[in-house]
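S.K.: The residues making up each chain are set out below.
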Amino acid sequence: MSEVMSEHSISVENVCKSFDGGRIPVLKHVDLKIRHGERVALWGASGSGKTTLLNLMGGLDLPDSGRLDTFGLNPALEAHRLRLRREVVGFVFQLHNLIPYLTVKENILIPAVALGVPRAEAEARLKETLEILQMSHRIDHRMQDLSGGERQRTAIGRALINRPKVLLADEPTGALDEATGDVVFELLRGLAEDIGVTVVIATHERRFAEACDRIFRVHSGHVEEVSR
Amino acid sequence: MSFCKLILTNLRRHRVRALFGVAGIAFGVAAMLTVLAVVLGAIGMFRNILETDSQYMVFERNVSDLFFSSVPEASWQAVAGMPEVASAQPVLFGIVNSPGHPVVTCFGVESDNARVDGATWLAGERADFGREPDTVYLGLRAAEFMEAGLGDRVAIGKGMFRVGGILQTQNGFEDGGVFFPLDLAQEYFHREGLASIISVNLKDLSEGEAFKARVEAAFPDLVVLANEEFASNYSQFKILTATAWAVGLCAFLLGGMSVANTMTMSVFTRIREIAILRVCGFSRRQAAMLILGEGGIIAVLGVGLGLLSGFGLLLVLQHVPQLQGYIQASVSPFMIVGISATAVLTSLAGSIYPAWFASRIQPAEALRYE
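Chains as they are written, first to last, in my numbering: chain Z, 5 to 232; chain F, 723 to 1092.
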C-alpha cells in the first residue's frame, strides 16, 4: 500500500466490470495508474465505460475482478468505500446531483455532516470554498434559483468541502453551454494547481481532454493512454 | 446544517405525507387513551361502588355478572350473625331503561345502608329513606337527565315512582342511578328475598381468612372475596380490560401501518436523494438513522397530538348528557407513559423496513437508473 501511496493516487489493475449478470461487459481488463496532483482525462464516447471506471475508483461500485487502489484504500471493501467517499474522493456529476430543496450552503455541507466535521470548522471551510467558487452571494439560494454553471460550482463546492485528495468529475461540462463549460473546466483545472488535488475528468470533448496532463482513451471497455 | 436539520427539512418538504403519519399515530394514541381511560374509569367506578362501604363481598359462586348473582336472605342473615362480622349489608343490582335512556342502574339497599349515609342529600331527607311507598331516590345526574325533582313521578322501566330525594355521590354510576329501598327493589325486579351481593365489614381484618372459610363451608354456593381479590378476579373487569387493550392495540397497528406506508413512500420517492447522500459519505447506518429519525419525530408529534385529542375527547364525553355521567376517565401517569412508549415503538417499527431499504441503496445503481 505504501509503495502505491507514495507514487500513485489511483491504481487500477486488470479490472473487469459488467452489468446484467455479465451480459453487458463494460470494462475489460483495464489497467491505469494516476499520480498525485495529476489532471487526467478519461476520454471517450458516451457508453464507453468512463462513468463506470470513475465509479469504481471512487467506491461507488464494485469491480467483477481485478484490483483497485485509491490512496491506499481498496474500493472493493465496504469500510474502505465509506472512507473513500467521506475523506478521499469528491464527486462532480454531469447532472450536478444536488438536492433541490436544500440551499447552496446546505448542499455543500452534506459531506461535512456525513463526516461529522465540527460546526465551526465546517462553517470556516464553507466560507473558504464559497470564496474559491465565487458563490458567496448565492449561499442561501435553492437550486431552482441558480444557473447551470452555478449549480455545477455548488456541486464542486460539495465535492471539496471535506478536503478530498481526488476529485472525480463525470462529464462536468456535459450539461452546460460552451462558455459556462469552459468556466467550470478552468475552475477544476485551477483547483488541481491551487490546492494540489488530483483531478480525474471523464469527458467526451477532445478540447477538455487535451487541456489535461494525461489522456486515457476509453473505447469499447478498453483503456489506453493517448501519446502526445 | 446538521443531521437533525436534514431530518426536519425532509419532513417539512414532505409535510402532507408526514402529516398523514402523524395523524395515524395520533389516532392510535387518542383511541387507546380514550378507550383505556373510559374502560378503566368505568371499572374504577364499579369497584368504588363495591368498596365504598365494605371490606369483603359475598356473592353467588360461578355467576358471569354480579347482576345475575342471588344471595338468599337466610344466607345474609347467617353471615351477619357470624362472630367476625361487624356489619353485613345486602345490595340488589338491577338494570332498566327509562324514556330516552337505555340504561338506568338501580341499587336496592336497606335504609341503614352506608352508601346512602355517605351521600350528600341535595333534596329530600336522609331519614325518610324507605318510609314512603313506591318512592325512589335519584342520583344527581339521573335527576338531571330524567328532568325530575323532589316529589315528581318518574317512569323507571315499566313502573312509575315518586322521587323522595336527590343525592350526590362521588361515583358516576351511582350518580346516574336510582336508589330503591331493598324491599321495593326486590318486588320490582321480582327477586323477593334475594340480594345480589352482601357487603361485609369485619371486626378485625386479620380474621378475613377465617371468615372466608366459615362462609364457604356453610354456603358452598357462595363465594367470598376481599375487594382487591374481586378487582383482579372479576371476569367482567378482565374482559373489559382485555377489550380495551385489544381495541387500543388495533388502533396502534393502524397507526404503525400508516407510518410504515408514509415512510416507505418517502424512501421510494427519494431513492436518488438518498443515493446522493451515500455518495457524499453517508454510511448505511446514517441513511437508516435518517429514516428512523423521521419516524421518531412523526411519533413524537403524533403522541403530542394524540394525547391532546384524547384528553379533548374525554372532556367532551364527560359532558355528553346521554352518557349520564358514566364516563369518569381514569388516566394514570403509567398509562400515558405506556401509550407514548407504544406509539414511539410502533412508529419506529413502521420505519424499520423503509430504513433498511434506504440503507441498502447502492449509490451508483440508484444514480444510473433513477
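A couple of the hints might just be wrong.
In silico lysine-lysine, PhoX-like type, Cα no more than 25 Å apart, as pairs [said to hold, decoys possible]:
| id | chain 1 | residue 1 | chain 2 | residue 2 |
| --- | --- | --- | --- | --- |
| 1 | F | LYS727 | Z | LYS131 |
| 2 | F | LYS727 | Z | LYS109 |
| 3 | Z | LYS109 | Z | LYS169 |
| 4 | Z | LYS131 | Z | LYS169 |
| 5 | Z | LYS37 | Z | LYS131 |
| 6 | Z | LYS109 | Z | LYS131 |
Everything labelled a hint here was simulated from the structure, so no lab data went into it.
S.K.: Of all the hints numbered above, which does this structure not satisfy? Sort the numbers upward.
M.R.: Those not satisfied come down to hint 5.
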